[in-house]
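We have chain X already, so just place chain W with the ligand on it with the hints.
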Amino acid sequence: MAELAEVDDEQFAALKSAAEEGVQFDGLYAHYGREDYDRDPDAYAFGSPAGEHTKLDAEAFREAAESAPRYVSNWYYWERVVEGHGTPRRAFLRWLEGAPSDMRDESGLGVEDRYERLAAGTSREWGQLLVRTTVGDRGHRRYEVRHVDDEGAPLDDLDVHESPLDAREVAKYDPKGRYRPLKTAPSLQRGWAFTDLDGRDLYECVDAFYPATVANWYREREGALDVTHWEETAERQTGIYDVIDELDAEAVERIAATCCVDSQCLKRRQWDHDEDDEIDVPRGDGLFPCREPCSLVVAAARKWTTLEREESHSYEFELTPSEKEQLEELVDAVADNRVDEIREADVYEGANRYRTRYLREKLFDEDGNLAGVATERE
Amino acid sequence: MQALVIVAHGSHLNPDSSTPTYEHADTVRAVGAFDEVKTGFWKEEPSLREVLRTVESDDVYVVPFFVSEGYFTEEVIPRELRLDGWDVADWDSDGTSADHAVYTAADTGQRVHYCGPVGTHDSMTDVIVRRAESITGDPNVGDGFGLAVVGHGTERNENSAKAIEYHAERVRERGRFDEVQALYMDEEPEVDDVADYFESEDVVVVPLFVADGYHTQEDIPEDMGLTDDYRKGYDVPAEVDGHRIWYAGAVGTEPLMADVILERARDAGADVGDAVEVVRERTRKTEAAASGSSAAGD
Ligand code: SF4
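Note that the protein sequences, when read in sequence, are chains X and W.
Going by numbering that gives the first Met the number 0, the first sequence wraps up at 377, each residue one higher than the last.
Going by numbering that gives the first Met the number 0, the second sequence wraps up at 297, each residue one higher than the last.
By construction, these hints were calculated from the structure, which means they are not laboratory data.
The beta carbon of each residue, even a glycine, is placed where N, CA and C say it ideally should be.
You may find that some hints are simply not true.
Claimed, not checked - Rough simulated footprint, nothing fancy, chain W against chain X, three-plus residues with beta-carbon under 8 angstroms:
| no. | region |
| --- | --- |
| 1 | 83-96 |
| 2 | 212-223 |
To be verified - Going by beta-carbon spacing under 7 angstroms, a handful of chain W positions derived as facing chain X:
| no. | residue |
| --- | --- |
| 3 | LYS42 |
| 4 | GLU44 |
| 5 | THR53 |
Looking at chain X on its own, in the form it has when it is part of the complex (with noise of 0.2 angstroms):
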């Protein structure tokens, strides 16, 4: 029976020893000793959906175990490896492979269903990563982690990371190699690929990427979610940033449509004016929601603080009309990001380099002011 058995003898030692306290985990039952009348004090007894065997001896619980040994080996990987019950780490991973939740009533695909996608490998978005999880010996879930527009790429073309603390130099660079001062910009590099990783590294591999974003799903899915509006940031900040609950709320709702809609940021925003008082602004389809205005949203709200506080003036300028529209024109380029994308020679563009040098050449005065009118300060 042995050299036959597809369940480990380690993983049914710990389950054996397990049984004495009693085993109910994801479909599977082991328990040893009487729990009702009509079971034998000295007996084992072993359930799956497969069916339940009852006054079973030592052998005959082994028996029964390689009856079901995919909830063998799926008790053993959640219970003996993962651990963790009631943390962000455990959940995620139940997650990714459509378990449902062992912390509270929840449909989620059973062992053998999950065993057979595992099988051919299956996967999840979470922001611009893709995670496939696949079950390798002895049940042991192996994650790899690329970006999602790297889906089909084979690894050769790609750069094979085993270290996932690596992810920190790939997320520090977009894919024209500036700096990414927000984790969570929708600017991921591609190219890249953490392959072979076990349940830890591949949440330190996440938390790298996007950090706290799964603490914070987490969070929000249990209920728990602690939101900090922007009335109380901005009120706790001291120094330099201790001006920023100057602003009024419509400033605040610009913040929010400039800085943390998706095409800036993957977070759902999830923070408003204060608890009573809704910006109204699309809160973004992200998975995992931002709870609180980020470092880099206080530290721009400390310049606009102190852009808002200037006066309006008259200036009379005269424009035709293709030249407002070009301004008009320059000012979206910039604001979505398109400068690059403008071709050369493409001069029917307004943010095109030709056209803007001609509009400076034409309207600037030698000391840069617009139309010659010179900037009133106080």
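Relative to the frame of chain X, chain W with the ligand by itself:
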């Protein structure tokens, strides 16, 4: 379970600001003294607000990767970590003697052992000396050499100058270098006049900063006359008014800093086994590689 969380300033603009923090975290992680090792930042992610929830341990040792006690260690970090009942008096510090105090984090319920900054720990003196060894490539450097410890002056933070003076005095007491002097960026004695403060021909200049950035790569090299334009870089050593100036760059990049972090946590009660000794040994081995980085520039 126990976790180490190193908290640092970070930057929205400078990609290298976090590098020393990451490197020292990796060194500590590699010795396996903690179940978890994480970094958190004021300006990067995970933020100070959210770093605690990224570790599973109930006991978290928080070590500020800052040079001195002051605004960040006393106000910003405890506030952002939500340390319940934080009171700077619990540190009972004279400005350089903060040790640790224990609080509960209001959002996670973890026990947070909040340590004083790395910059004022006694073992920081060893790092300054090690930095001098690294930059000169001489493990016995001292004889015939002067050493300057450089920091901001009191303008920004009174305790910053105290930390500089504290370590300068401790290096002086060891009698290893012919002369030791504390110099400042915005007050007397000024780093600009470094040549006036030393008789020794060779002077090692060690800025007490945790990471390289504008001050250590642009300001100080230009102020001392190592270069007229930081973008062109500078020699190590560089000739200035008849002295050979060995400019070391930020002391925080020295691999031995990992030891200071560990000692801070150990002093606060973390069980680190023999990790302190192991790290001291390992960082000595990596020193040859580290001293290769001399001139700043791009
Ligand atoms: S505040 Fe939140 S949603 Fe807005 S940019 Fe920052 S992290 Fe993204």
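Hints, one by one, checked against the model:
A stretch counts as covered by a chain when three or more of its residues have a beta carbon under 8 angstroms from one of that chain; for the region 83-96 of chain X and chain W the count is 4, and the coverage holds. Beta-carbon proximity to chain W at under 8 angstroms applies to 3 residues in the region 212-223 of chain X; the threshold of 3 is reached and the given coverage holds. For LYS42 (chain W), the shortest C-beta to C-beta distance to chain X is roughly 5 angstroms, which falls under 7 angstroms, so the interface hint holds. For GLU44 (chain W), the suggested interface contact is upheld, since its CB lies about 4 angstroms from the closest CB of chain X, less than 7 angstroms.
Residue-level restraint check for THR53 (chain W) holds (minimum Cβ-Cβ distance to chain X is 5 angstroms; threshold 7 angstroms).
Hint violations for this structure: none, all hints satisfied.
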